[in-house]
Amino acid sequence: MSKRQVAMVMDLNKCIGCQTCTVACKTLWTRREGMEHMLWNTVNTQPGTGTPHGFESMGGGFRDGVAQRGQRPSVEDFGKAWNFNHEEVFFGGKGDVSLAADGGKHGKGPNWDEDQGGGEFPNSHYFYLPRICNHCTHPACLEACPRKAISKREDNGIVLIDEDRCKGYRFCQEACPYKKIYYNEVEEVSQKCIFCFPRIDEGVTTACSRQCPGRVRFVGYLDDPEGPIWKLVTKHKVALPLHAEYGTQPNVFYVPPLSPPKIDDEGNPTDEARIPTEYLVSLFGDGVHESLKTLERERERNKRGEKSELMDLLIARKWLDMFGPFQKHPREVARNRPIPQNQQKPRAQQVSAIRFYTKEEFKKGGRE
Amino acid sequence: MRTRRVKNVAPMLDPGDPGWASVPVEQVSMMSTPLAMQPTPYIRNSWEGREYGRVEALEVASVHDGQQWALRASWRGVSPAGKDFPDALAIALPVRGKPLLALMGAADAPIHFLRWQANKSGAVSQIATGIGSSAPGPALACSAQARAKGDRWQVVISRPLGGGSDIAPLVAGRKTGIGFAVWMGGNDERGGIKAFSIDWAELALDA
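Chains as they are written, first to last, in my numbering: chain B, 6 to 373; chain W, 370 to 576.
These are calculated hints, taken from the structure and not from any lab test.
Please note: incorrect hints may appear among the correct ones.
The calculated EDC-like cross-link candidates involving lysine to aspartate or glutamate, where the alpha carbons are at most 16 Å apart (straight line), are [as the list claims (entries may be wrong)]:
(1) Lys452(W) <-> Glu190(B)
(2) Lys452(W) <-> Glu193(B)
(3) Lys172(B) <-> Asp453(W)
For the chain W half of the interface with chain B, some residues (derived, Cβ under 8 Å), not all of them [what the hints assert, rightly or not]:
(4) Pro410
(5) Asp434
(6) Gly501
Nothing here was measured: the structure is a model prediction, and the numbers come from that model.
Even glycine gets a Cβ: it sits at the ideal position worked out from N, Cα and C.
Here chain B stands alone, though its shape is the one from the complex (with noise of 0.2 Å):
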């Protein structure tokens, strides 16, 4: 047990699918070779399959306290980075060539159903479900490594994967319900968020969360009375964990959306929400009636101009406000980065925006 318990919540009211935690976090942890595929952030919209896909009919975590077989999902699961044509198409000499991922034979991409949603028009609707490893309290990957290559730190409840004990058996991607490990071709070893334990352990939030344009991610200590989390989970009510009953007690919890009402035949609007509140629940479990009756009657509170300690904490007026402890800016804290892309060398054919190191230039900082 973790004295204390470092935490996100996510308003996913404000979440607007841009990705720029995805590519924060890619850029920051996961450029080594192996890792081609490893987008330990996503984003993707709901109602859909999610990544990897389906990955909520996969298995694991706990029934009745009760470990579950789960299924190890495969790169393709999680959609494979394609690679691209872009030489032959800028350099080829030929006018008629198309720019082709795999040569055309490209699997599903990560994000393979971005708002699509569901319902049928006028009442069509989507939302964006960020998600990170959740540092659970009860880790359901922790448990199954035969190697007791998982731990999960005393001090903050982050929960690590030691790439040195890891042999590779995958029990942990298996296990977790969640399917947020990953698994390293080249170095043999699982690998996932780190909940960029660096930087909280020097006082600078997550990438994802810093970087978020839409202030979406608080961060903070669970049991924080001043922090943002323990204010939305503990006080209002209104965060919530995804899928509760898998029984691992995540740490990551989901400000449910609000929607617009749902129209009926006639073309007027109804008393229910376009997003339905049963398919929410499918996710949130049933404290989002609460949590959404909340969210409306802080609303309604707050366009009657009155005072609204949720709805100043949810707007997010003070951006630092967001990140609890974690408010030091990573410039303060920074050594031995990677260097940016724009100071490094140009390499010989490199067309993609991301290059990704080898182990040992990572160990380096990119530095030859």
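Fit chain W to the known structure of chain B by using the hints.
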């Protein structure tokens, strides 16, 4: 089990070398590791009712030339290509004390493993002091060559005679114990999900 002395082990590092034809083969019975001994509830629950460790026996022969020791193991169980986990073989030798093979050794009685796996060349040296504890072992000039003949693997694992701090002793004219483990990668076998030789077999090296 007896290791016969030959003039030169070097050509016999090839599992297809005709020299192996004149070395008597011994059968080693194998069984699946008990489910109850799997180290985590997840593994026990997820493998309940699933078959694993189906390799029932290894055919084993071994030789040494006073410098080098080589063992050829053969068994039925070549997995199709493209699976997540490789077929593999490990030879266990006790370093000191009387470790239990089924428990993969103890803190004061380590076991030295030489492991071959089908997706890599050569063998690796590993040391274990309990279930789930295997770690890189002592530096040793070990090697492995393998060939799949039909549905059978033929694997030769070799190492120098002698010993060292964590190197299991193999000395001409002396006896020690030997154990085996086999993984069928195509059946998702890895870690403790494997067939093993239950207990130590006596290994006597010709003088």
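Quick rundown of the hints versus the structure:
1. At roughly 12 Å between alpha-carbon atoms, Lys452(W) and Glu190(B) fall within 16 Å of each other, so this suggested pair holds.
2. Pair hint Lys452(W) plus Glu193(B) holds up; C-alpha atoms about 14 Å apart against a cutoff of 16 Å.
3. The suggested pairing of Lys172(B) with Asp453(W) holds, with an alpha-carbon distance near 13 Å, which does not exceed 16 Å.
4. The beta carbon of Pro410(W) comes within 5 Å of a beta carbon in chain B, closer than 8 Å, and the hint placing it at the interface holds.
5. Contact between Asp434(W) and chain B, as hinted, is not supported at the beta carbon level, the nearest pair being about 34 Å apart and thus beyond 8 Å.
6. Because the smallest distance between the Cβ of Gly501(W) and any Cβ of chain B comes to about 5 Å, under 8 Å, the interface hint for this residue holds.
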